[in-house]
Structures are given as structure tokens and as C-alpha cells.
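Quick note: the sequence shown uses the working numbering, first residue 3, plus one each step.
Do not take every clue at face value.
Unchecked claim - In silico PhoX-like pairs for lysine-lysine, Cα to Cα no more than 20 angstroms straight-line:
hint, residue 1, residue 2
1, Lys383, Lys430
2, Lys383, Lys429
3, Lys432, Lys383
These are calculated hints, taken from the structure and not from any lab test. Quick caveat, the model's predicted, so the values are computed rather than measured.
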Amino acid sequence: MDEPELPIPLGPCSNGEYDPYPPSPVVREAARRALDACAEAADRLAMPRRRFLRSLCAVSTVLLALDACTREAHRARPEVPTSEPGGGFSVPPEATTEPEAAGEAVGGEEFIMDVQGHLLEYDLNPVFNGEGFYASFPQRYCGEDDPRVCYSIEHFLESFFIRSDTDVVVLSALPIYPEGSPLSPEIMAETRRIVEGLCRDERVLLHGQVLPNVGSLDAVLRGMEDTASRYEIRAWKTFTHFPDFFDPGGGGWWLDDHERGLPAVGEPFIRKSLDLGISTICVHKGLSGGSRYSSPTDVGPAARRHRDASFVVYHSGFESGVFEGPYTAATAEVGVNRLIASLERAGIGPNENVYAELGTTWWNLMRAPTQAAHVLGKLLKHVGEDNVVWGTDCLFYGSPQPQIQAFRAFHISDEFQERYGYPALTKKLKAKVLGLNAARLYEIPPEPPRCDFTRQELARIREELRDGDPLLGPATFAASADVREHHRLEVSTTLA
């Protein structure tokens, strides 16, 4: 029988936009200790191990092991200028066997709004039915007898609203041509209609995709009008590094049109969005795959020019494989710091009209607590405590629940707060990040929709679900390269 999965996945996984790096020695040791500790706790409680692994006590066990291993590794490096890691997980030892203590550590009743959810639907997508994408994408190993079920709307809804505490999710577009995308506007709208019929509430919001440098600008602007008239679009999602990401040399563009020789489409796109009454513009920045157009250097100038628009920076400029330390003049052009530098140069202060989104960023950093403390601290300090919004980039990483639970337990050390001016991650501040900030941005009431179950009932239901909540994105270099190659061929075919 296969080894059961830990409730906080510590293995590698990617959304396909970057290569998943193997776990560090610290993470590997934490996983080993966590599995051993879970087996021992299950024996003490006379509980089947697989059921224990679905409990909050098991979640607490994993986070406690990761915290301990991180501290031990920190103490082994005397050259580090702080006495403890910059961040960690506040989990008491009793939470590993006492459900009430575990609930205090990793549970919660806060409103949670995930602004970056993705659905890959098989049955509704005539373009990809029977094509290689579904046969090769790792999501097919979700545990269903028929792999096609893994791509269903029902599977998406279970992962977000049964397997996690998420209350509202924004279905966000992917950097793929609409004609070949497994997440089309029709799929997103159908998902929204199904949820409204089941729960009679607004828990799925929609983005509209815009690729203003592809085709004629007039056609793109007319397409925006058509999309806004046909669907309940709450924001636009765009990619300044498309198609360059999949087709190096294929070109890109900037929100502020600052570079001569590139399509001057940023300003017309933003103006059209505002003319249509849609003031929220979500732009992918970071996870560049080597494309320079993914830099957030253009965010500050665009935000300064359009104070009546809100710019949500997806991934916050994070780059996989780049070490995240403090923001300094010497590191201003590294990773997340590029976003901060762009805002400072443009005179955009905290809590103005730029928002930082955490999808994939938190997923990668929650296994590296010191870097996580720097990134969260920098964003909360410079972008603003009211302007950091929760996103997970799931379903690529399975259910969002592990990311939610790890965030609930995370803290920034007192030393980092004093040395760098980072805020303390209080429950109040975490509630802002997990949902209140996004609710204000999207102008919806921050009230958890109810669909005939409570959070406590959900926790009990999860213990009875089938084994495992596997990672659904590529977990190896080869698998992530396959995903990018598939989309590269789609780009090449479309351009031809």
C-alpha cells in the first residue's frame, strides 16, 4: 500500500510555470520526523494512521516538525545575525494529540477569499477532449478511477469548498490562448452557475482574460466589450510576458508602455477597462521563466497614472529559486523587491491602489520560514496591511487547505519585527490577508457563505473522505517542462 500523504505537503510541486525544486535537507528531515510522529500519535490514540493523517492534530504535527528542523538548522549556522529563524509556526506540543489545542493552532472561523483559483475542465472543453494535455497532466492522478473525473467542476468544488475553509474563490484566467485554454470563460461561467444553484450564494467570482498584444488592438478592445456584456466579470487578468514566456522572442508589452518598439497597448487596455466600469486589473508578475516582460517595473507608473484603477500583482514579483531577504538598495531588482522598488519610484505608498497577491508565492515559501517572513513582512510594510490579498494558485497544489492552515499558524519573529520594521502577524492582520482585504477590493460582504455545514462539521467530514488530497501540478522538472512544451506548441500553432 502506498505511503499516505502528509496533510501539509512537503514534497515538490509546481503550477507548470517554473521547475519544482527538490525538497531541502531541512524539509526532508521534517517530513521524516512528521511521518514518524504521526504514526506514534495514531498508536497512542488507538486510531488508524490514515484517519489520524486527516486530522488537525496531524497538521499540527507536520508544522511542529518543520518548525523544529528549521530552528535546528538555524542554530547550526553561527554566522546568521539573528538568534532564531525570521519566521516559524506557533504550534504547542499538545496540539499533536489534543484536537482542541490543534483547532486553536491551525483552525479558524475567519472569512477566506481566494483570488487565484484555477479549474481545468474536461467535459466542457471540446478543444482538448481526448488530447494529450489531459493524458499527461499530473492532475489525472487525483485518486479517481476515471482520470477525466479529476478535471470536473465537481472535483474543483469539492477541493475548494469541502476540503478547505475557503468561502469565496475567484476563477482566474491562465496565460494561454483562449481558443486552446482549459479554463475558458464558458467553463468559469458554468462553474459559477452550478454553485449558485447548489448554495444560492455568490461564492465564485470571475475574471476576464485580456491579451492586448495579440491580434489587432481594436479587436481586443471589442472583445473586452463582448466579454463584459456576456459574463459577470469582476476584474481582468492579463499577462505582460505572453507569448514570450512560451515562445522566447515572441514579444511582450508593458502596462505603462514605457519601451519603444513594443506594442503600445497598456494604456488603451487600462482605459477600456475603466470605460467598461471594471476598475480592478490583475497582472501576472514574477515566475518569469526568463521573460523580462514579467518584471513588475511597470506597475508603479501605471498605478500613478491611473489612480482610479486597482492593480493586483499576481505572485507579487516572486521568482522560484531566488533567495528572498530584506529590501535594500542593493537588492531592489531581485524577486519581490522589484515590485516594492517600482512603487517607491512612482510614489505609490502603502494601502493605495496596488495590491500584492500570494498565489504560488506562499506555497513555495511556507517551507522556508525565514524567507517567508521577509516576503510577508516586506509586502505588509511597503504595499500595505490592507493591500495584501490571499491567493493559492490551486488546484495545481491540490486543496488550498494546507496553505490556509500553515498561514494561520505562521509568525514573524520579534527580532525581524524590530530589525526590519515588519508587523506582527496577529489574528486580526491574518484575517485581513485571508479575506477581508479582497472582500473590500471586490466590494462584497465579508460574510462566510453557508451551504448547510459549519467549519466544525467540515473538519469531521474531511476525516471520512477518501485517502489523500494529492498535489495536482507537475512535481518534477520533466513534468513541468512537458506542461510548458504543450502550451508552447499551442502558441506556435495559433501564431501559424
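The hints, checked one at a time:
Using a Cα cut-off of 20 angstroms, the hinted pair Lys383 and Lys430 holds, with the two alpha carbons roughly 16 angstroms apart. Between the alpha carbons of Lys383 and Lys429 the distance comes to roughly 17 angstroms, so the proposed pair stays at or under 20 angstroms and holds. Restraint check for Lys432 and Lys383: satisfied, since their Cα atoms lie roughly 14 angstroms apart, inside the 20 angstroms limit.
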